[in-house]
Structure formats: structure tokens, C-alpha cells
Amino acid sequence: MSAIGIRLERLSKRFHHRVQGEVFAARDVSLTVAAGEFVTLLGPSGCGKTTTLRMIAGFETPDAGRVFIGDEDVTAVMANRRNIGFVFQNYALFPHLTVFENVAYGLRVQGRPTAEVGRRVGDVLTLVGLQGYDRQFPQQLSGGEQQRVALARAIVIRPRVLLFDEPLSNLDAQLRVRMRSEIRALQQALSITAVYVTHDQEEAMAISDRIAVMNRGSIVQEGGAETLYARPASEFVARFIGRVNLVSARVVAVDAAGVEVEVAGHRLRAVAPPPAPAPGDTVRLVLRPETIELAPAGGAGPAGIVTERTFLGEKAEYQVRVGDEMLQVTRYSGAAPRFAPGSAVTVRLPAEGVGLLREGA
Amino acid sequence: MLWACLALFVLFPLAALVARAFFEGGRFAPGALVAVVRDPNHLRAFGNSVLLAGLVGAAGTALGFLFAFTAVRANLPRPWAWVLDATAVLPLISPPFTTAIAIIFSFGPRGLVTYQLLGLKGVGVYGLGSTFAAETLTYFPIAYLTLKPVLAALDPNVEDMAFSLGSSRARVFRTVTLPLTVPGLGNAFLLVFAASLADFATPLILAGNDFPVLPTQAYLQITGLFDFKGGAVLSFVLLVPAFAVFLLQRAWVGRRYYVTVSGKVGAQTAVKSVAAWARWPLLAGCLTVTVVIAWFYALLAYASLVVALGANHAWTVVHYRVIFTEGVKAIRDTLIIAALGMPLGGLYGILLGYLVARKVFPGRRAMELVSMVNYALPGTIVGIAYLIAFNDPPLALTGTALIIVACYVFRYSPTGIRTTVALLQQIDPSLEEASSSLGAGSATTFRRVTLPLILPAFFAGLGVVFIRSMTAISATIFLISINWTLITVRILENMTELSLGPAAAFSMLVVAIVVVVMAALSRLLRQFRTPGRVMVASLLGG
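Listed in order, the protein sequences are those of chains A and B. Going letter by letter, the first sequence gives residues 567 to 927 in our numbering. Going letter by letter, the second sequence gives residues 2 to 543 in our numbering.
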């Protein structure tokens, strides 16, 4: 079966809030997911990502806009006619049915012959590593096993698309890492289109082809993990994905290759999102903590004082005061020299390729 | 459809009752009501009713708290906890007169204790004291069942915290345990108060002439004097405090009930709030009550097997022969009515519970409220209301089995409704969405997912309707006829004819039937795996 994509056209959903009155859970959300692509909706709680996912599934009806699965407009189609696989945050396993019957549920609804049901359920339980669990009840399983049953139940009906609503948030940290690579591997093996919702930026970066960052009901930026990290289009995205220093700077020159800016008396090259700024504009540099280096005092670059150092194993995190600003700096263990709190240091900013935000973005 | 049923069997009778109380020949005439309110006898009955209910409420709540606290907090060995549960369950599944009969057997003019043991003569057992004692022993289990989950839900870590801050046990009890139980205590008091206010069987037998209460007065007005209007007026007077308690209890529970559910349960910790030595006095207090209740039932069993308790103690089975010959019609009628009411009550319970908990429609809260009305009101009122409403064409149902079945279904299904709602609240809506995403339509989803999960509520509702069909009297005594009679009514008749032997035998039979059916039902319940266990206690909760 060849995969098909999903297209959302200006989806909006309002609801009534007890304090704020009418609010938009989703506002003009447009998104195209290519066939076989893994797209994650990422954002803080209340940003509308789950509402958007539930509109794709058909659990919520949009107030405006359209949902396409493949070329079919499914906006008015009931959830049970959309042929989608949905994995819930709480797994939503049927507590009165065995593992086998949970997975078989969708096939039985379709009225498949018993032999086919047995074969397909057996296959998919093997696929998720749960052979021999047929007769267990959900409450007898661990969290990870329940997650696998939920996954098996969603894929056994060969859905057109797979939808995940924060499926790993109830698992402990190690299991979460393992399950996310299993989910990714499964999606690749089945080459099925997937939309995944999470508030965990690391999970989003690890699992997706592409990420759509949402805030207050709207998609604020979409792109690959590395693009979003290196070239955030707004302060919200810059701060939501990874840790960041936003440092004020002044544009001194603009040319075809980029922008030259001045910060604390030093010049460096940055890449500005269009439209390009003009010389003299004030902008903010997107300085990721691991792109800043520390050297003993007296070198070329802004002078600073280490105020705090936190050792975290493979890396150490520093707080460095430079003038009025506090910079977060991450140095990986190994060759990097150690600076105790109180040390005077020279801060070396990256010479080029720095991201840049205009004021107010 | 459901609204039509509710209107017909809940609102219409109540309206008929109020109309009968206020209107005379089509004109508004509150004169009768005013006359009743002015009548010093009735005023005294009103005062007595409220006084009795207040005393029973306080004592029953205290006793219930003692039992619940001992059961939950005293680290009792299992068999003892079981004994406490059994003690509390027995009065709930017995016909309404058992305690009253046993008290007369024990302390009456020819009682085993007063006459035979102590040799006292002419002892006056009738009056406030004995009625109070009998009702307290009959209704404290309601408080016990209300308070036990409240105390059990109290996280011991909270008490541990108070200990770690240097509190003594007594101080922890006074400053932490008790304040957190206050909403539960209030709720228990109101429930016991309402039960006592509504009770008509115990005062009928024990209160005597010097201590009239409203439900018995209303009953005598109708059966003795055939004065429907007087009965209606007295019922209306009783309706006022009963309805006030109902609304108060709803408001109270609605506001505070979930306070005790703290969400995250901390690490399991042993309960330390009761010192090791203190367990035994607590247990002894409970066991005293247990012994009294066990004595009552043993006495009842004994009375059913001897010729005449207090006079001739020769063994005999003649009383059982009587109930299985003369009484067989009552037994058969009761079982038929219970068998008809059971499935209807169970079905009605889950249907209404499902609508109220899962569907959004105008008048949903009103529907829930109305469904609780017959349950909350004293049985005497419901019985008289049915009698007035269904006595004349076009709805002349008096004398049929249908009216008795309807009365039971609409009066005792709220347990099923509440259990359904409670179960549905534990069932995440995502289960139904999961079913839908797998291709199931809403009918399939209901049949294959929702229904199996709320089946325990169906059995719980069915069980309560059955138990009440076997044991209730207050409403249905007005609805029996030559065609359809009930065991409980036969017990009352036997009592008034002073043939206590057959009354005791009937009571034993009812207890036996109920115990057997309950055991079968709880076996059945255990067959179903459900997210939230339905405790047998909730089956009995009222």
C-alpha cells in the first residue's frame, strides 16, 4: 500500500473559556504532510496541537477549514469512517478485553473472518515484540507493554495515516527514549504517514522528518529540526527549542552573503531571515550556549566573569557575566579548560553563521 | 420517552399529592393545611419526628464513625474487619421490623430480659427510647458505609506529616483526621436523619400512643380513617423537612465530595494513627453492638422455631408451615414483583446514568434531580402520592402489580444510576474515541465497549431493587390489594395480630432469600473485570 499525505487548510476551532470567553484552540492552521512523512506538532500545553490532531482524527469538528487525507476531503466524515490509526496518551486500551481482543477489535468491527483476524493479530503482536501476551489483560502489563498494545491496535487495521497524541508522556525517561526509536523504526518499515504531538522538543527532534511549532493556536514555524534550531524565526521558537542567549547587536553592513553585526565592540557575520535589515538596525543574535567558547582572560573578545559552573558529566554549564548580560555557555568535557566560579575569562563568539532576530520577533 | 416515564411516575404523583393537600373541589383551599398545622396533636407529631430523626442522626453517625474508624484505621486482623462489615450489612438487608420485634421479645412486658431474666413486670417498652434504639441500630450502617470510603481515602501520609511535625496521636486525630472527615460526617448525618424521618415501620410498632410521629399518623389517617386528604396534608407537612434535607445533602456533597480525593497517592505507609493498645477498646465498642445485633437475630431465629416465645418454648416448625401454606401467596407475589422489577430497575438505572453522564442535552441536570426525588422522599409520601394519583381513571393502577413494580423501580434505581455515573466517570472518553478510530460506529461502540464496562452497575442496580422489593414496606403498604400482597405487609399484619411466631419466620425467610441472591450477584460481579471495582457495599448503600 503506498502512503498518502494529509493536508490541512485553515483549520479553526473555538471553544468557550470560563474566564476568557471565546478563545481559539486552533486558528487558521494550514499544514501539508507528504506521503510517508513523519511530522510533529510541537508546542507548550494549550497551544492547540492536540486539538489540531483530534480534528485530523475526526474527534473534533473544525469551526472552519478543511481536512484532506490524500485527495479526499474528510472534514465532514465521521471518525470511524476515516480509516486512521490513533495512539492515545493514556493508551485507551479496553480494560475488559485481552491483549488479543484489544488488537483484534478493529478487524472484528470490519467483520474479517476468524482465521484472518488470528493471523494478522499474531503478525502485528510479533512486530511490536509482544508474542505470547495474547491472553493477558491490559492492567497486567507494564506501561511500555501497554504502549506497544496500543500501537499494535492502531496499525493492525492498516490505517491510511497514524496519529500520535503524546504517546510517551506516561513512561519513564529511559523507556521513552527506547520507545521513540521503535515508533520511528515502525513508521519507516510500514512507510506510513504520521502526525505526532508532543511538548518535548528533544523527542520531536529525535523522531520527526519535520516539526511544526505551535503557539496560541497557530503554527509559528515549520521545518527540519536543524533549521529550527539554527534559524528560529521568532524568540518563541528560539527559546522553546533548546537553550539560547539572545544578545542585542547593531547591524553595520548588509551584503548578498549576509549581515555584519557589532556586539560589545566585536564584529561577526550573521544570517538574517528575510526581509534583510538595514545598516544601523538593532537586532538580537541567537547564540546557542555550545557555540560560545571560553578562554583565559586577556584574549581577543569580550571579557567576562564566571558566576556559576554546573558539572553534568559529559558537559559543564557556565553562567558568565559580560557587562550587564548573563550568558549561558556549555562546554563539553575533555579538552575544554575548566574555569572555577569567580574566574575572569574571555568569551569567544562564533565568527559566522549566527542566527539573527529582528526586534519584536 | 424517559421523560414521559419520569413525569408519569415521579412528578405526576407528587403533583397529585400537593393538589390534594391544597385544593378542595377545584378551588384553592389551604384551610385544611392550616388546620393541620394548628392541630396540637399534629404539631407534636411533627416535633417528635424531627426530634427522633435528630437523635437517631447524631447517634447513628457517631456509631457509624466508630465502626468506620475502627475498620479503616485500627489495623485490625482481617477476620475482625469482616465481622464489622457483616454487622453493618445485616440490618440493611432485613425487613424493617426485625429490630423492633427483637426489642419487644427482649424488653417487652413478657420479654426474655425484662420479664424472664430480671422478673420485672409491666415494663413499658414503648416510646421514644426504644424507637430511638431500634432506629439507631437499623440505620447506623448507612453512616458506616458513607464514612468508610471517606476515611479510607484519607492519605495516611497526611497524618504522617502531622506526626513528623511533633503532634501526638490525640492531636493528629483532633486537628487532621477529624476535620478532614467533617464533610463525610455531615453527609452521613443527613442521610441517617432522612432515613429516620421517613421510617414508619419502627415507630408503628415501638413508639406507642404517647409518641406519635408523622409517617405513622399519615398511615393511620389513610388506613384507619380512609381520610385521603388528611393523609395528603400530613405527607405534605413531612415533605417540607424531607425535601430540605435532600437539597441540603446534594449541595453539601456536590461542593465537598471530591476534597477527599487528593489525586496523587503517595508512598504506601502503615497507618499509625491508632496506638496498639487503643485498638482493643475500639474493637470492644464495636463488638458490643455486634453482640446486640447478633442476639436480636438469634432471638428471631429462636422465636420462629418455638411455639410462643416467652410462654411456651417447645420446639416446633408450625410457624414455617403457616407461612408456606397461608403465606405462600405473599411469598409468590413478592418474588414475582421482585423478579419483574429487577431487570427493569437495572436497565432504567444504566440508561438514565448513561444519558446523564455522557450525553449533553437540555434539562440534563433537571432529569438527574427528578430521578432522585422518589428515592429521597419518605416512602410514606411516595406511597400516598401513588395512591392518590393512580386511584382513578384514566390511570387506575391501584390494585395491580404494575403500580408496585413502578414504585420500586423509580424509588430504588438511583443506586444503579449513581453507580453507572461513577463508573462512566472512571472510563475515559478516549476509550470510546479509540473504538471510533478503529472503525466502530456509535452503536457498536456502546455495545462492545461502554456496555460491558458498566455492566457491574446494571447488576448493582438490579440487586438493590431486588433487596428493596423483598424488604421495603413504607411506600408499598398503600399499594397492596387482595390481588397483590407482600411478605413485609404480612409481617406487619402478623405483628398487629400478635402472632409473632409467623412474623419471625417470615423475617428469617426474607433474610435467607436476600443473602442467597446477594451471594449469587456478587459472584456474578466478580466475573467481570472492570477498571473500578464495584464494592458490594455500594450494592447496599441505600
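The hints are simulated quantities; they were obtained by calculation from the structure and are not laboratory data. Please note that a few of the clues may not be correct.
Unchecked claim - Derived pair list, reagent style SDA-like, types lysine to any residue, alpha-carbon separation capped at 20 Å: (1) B:Lys360 with B:Leu44; (2) B:Lys360 with A:Phe581; (3) B:Lys360 with A:Glu626; (4) B:Lys360 with B:Trp4; (5) B:Lys360 with B:Leu348.
Predicted, not measured: the structure shown is a model, and the values here were computed from it.
Worksheet item: What are the numbers of the hints that this structure violates, sorted from low to high?
Response: When the structure is compared with the hints, only number 1 turns out to be violated.
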